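Read top to bottom, the protein sequences are chains S and L. Counting from 243, one number per residue, gives the positions in the first sequence under this note's numbering. Counting from 81, one number per residue, gives the positions in the second sequence under this note's numbering.
Any given hint might turn out to be false.
Unchecked claim - Cβ-Cβ distance ranges computed for the label pairs, FRET-style: (1) L:Q109 to S:I298: 24 to 34 Å; (2) S:G300 to L:K144: 37 to 47 Å; (3) L:I92 to S:S294: 32 to 42 Å; (4) S:Q334 to L:Q109: 32 to 42 Å; (5) L:T162 to S:S268: 31 to 41 Å; (6) S:I293 to L:S98: 14 to 24 Å; (7) S:P260 to L:T162: 43 to 53 Å; (8) S:E262 to L:L106: 31 to 41 Å; (9) S:A243 to L:T162: 24 to 34 Å; (10) L:D145 to S:S272: 29 to 39 Å.
Unchecked claim - No farther apart than 30 Å at their CA atoms in a straight line, the calculated lysine-lysine pairs in the DSSO-like style are these: (11) S:K338 to S:K315; (12) L:K146 to L:K100; (13) S:K257 to L:K100; (14) L:K146 to L:K121; (15) L:K135 to L:K94; (16) S:K338 to S:K251; (17) S:K264 to S:K299; (18) L:K144 to L:K100; (19) S:K299 to S:K315; (20) L:K146 to L:K135; (21) S:K307 to S:K338; (22) L:K135 to L:K100; (23) L:K121 to S:K338; (24) L:K94 to L:K121; (25) S:K264 to S:K251; (26) L:K94 to S:K299; (27) L:K144 to L:K121; (28) L:K121 to S:K264; (29) S:K338 to L:K100; (30) S:K251 to L:K94; (31) S:K299 to S:K338; (32) S:K307 to L:K94; (33) L:K100 to L:K121; (34) S:K315 to S:K251; (35) S:K257 to L:K135; (36) S:K315 to L:K100; (37) L:K144 to L:K94; (38) S:K315 to L:K135; (39) S:K257 to S:K338; (40) S:K299 to S:K251.
None of these hints come from the bench; they were simulated from the model. Fair warning: this is a prediction, and the values are worked out from it, not measured in the lab. Ideal Cβ placement from N, Cα and C applies to all residues, glycine included.
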Amino acid sequence: AQRVTQPEKLLSVFKGAPVELKCNYSYSGSPELFWYVQYSRQRLQLLLRHISRESIKGFTADLNKGETSFHLKKPFAQEEDSAMYYCALSGQGAQKLVFGQGTRLTINP
Amino acid sequence: GAVVSQHPSWVICKSGTSVKIECRSLDFQATTMFWYRQFPKQSLMLMATSNEGSKATYEQGVEKDKFLINHASLTLSTLTVTSAHPEDSSFYICSATDRGMADGYTFGSGTRLTVV
Chain S
243 AQRVTQPEKL
253 LSVFKGAPVE
263 LKCNYSYSGS
273 PELFWYVQYS
283 RQRLQLLLRH
293 ISRESIKGFT
303 ADLNKGETSF
313 HLKKPFAQEE
323 DSAMYYCALS
333 GQGAQKLVFG
343 QGTRLTINP
Chain L
81 GAVVSQHPSW
91 VICKSGTSVK
101 IECRSLDFQA
111 TTMFWYRQFP
121 KQSLMLMATS
131 NEGSKATYEQ
141 GVEKDKFLIN
151 HASLTLSTLT
161 VTSAHPEDSS
171 FYICSATDRG
181 MADGYTFGSG
191 TRLTVV
């Protein structure tokens, strides 16, 4: 069974401080991991996926198979990063995407 | 990039009536579409997966007779909430994908259903 855990429901940091949103997963096969962001009153948007290994809006995430984690990091938070962040997992090949509980990130000025 | 259009964005209906929500992929062929439900301040809960031309696969605990899903073409999937009751009030979101898409999954803007 697929399972994604985001242990922090709320996370608040000051502008300019580093940010780390935690995500752990459980999956027996080869997972595809994603981070999605949902800004206020907007639809879900893909932030990044592990296979592309890109850095989007300064965010990075590394898949750690040993720790079954896919934590999202940004060295210097900006106010516009305030949003809801969801970690998600699917199997290979357009299989169902299962979401974690989400973390609401608030960046304080 | 890939775009998914979901309609309507909000709907209010009377208890006992049925409501249909449409999800269209505008610039790609969606071999697979997913329907999610999101309660206030909670995450997205997968309801069902539908592949074009075949029956939807429902997640455990989701009533297939209540939430009818049709995926008759590669660009359109519909979710019909039958005999709606107030407890069906929620935010419904569709997602679509095609194998090999760079972005993986594209999401609709969601439908706010209120049953009165």
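Could you work out which of the previously given hints the structure breaks and list their numbers from low to high?
4, 6, 13, 26, 30, 32, 35, 36, 38, 39
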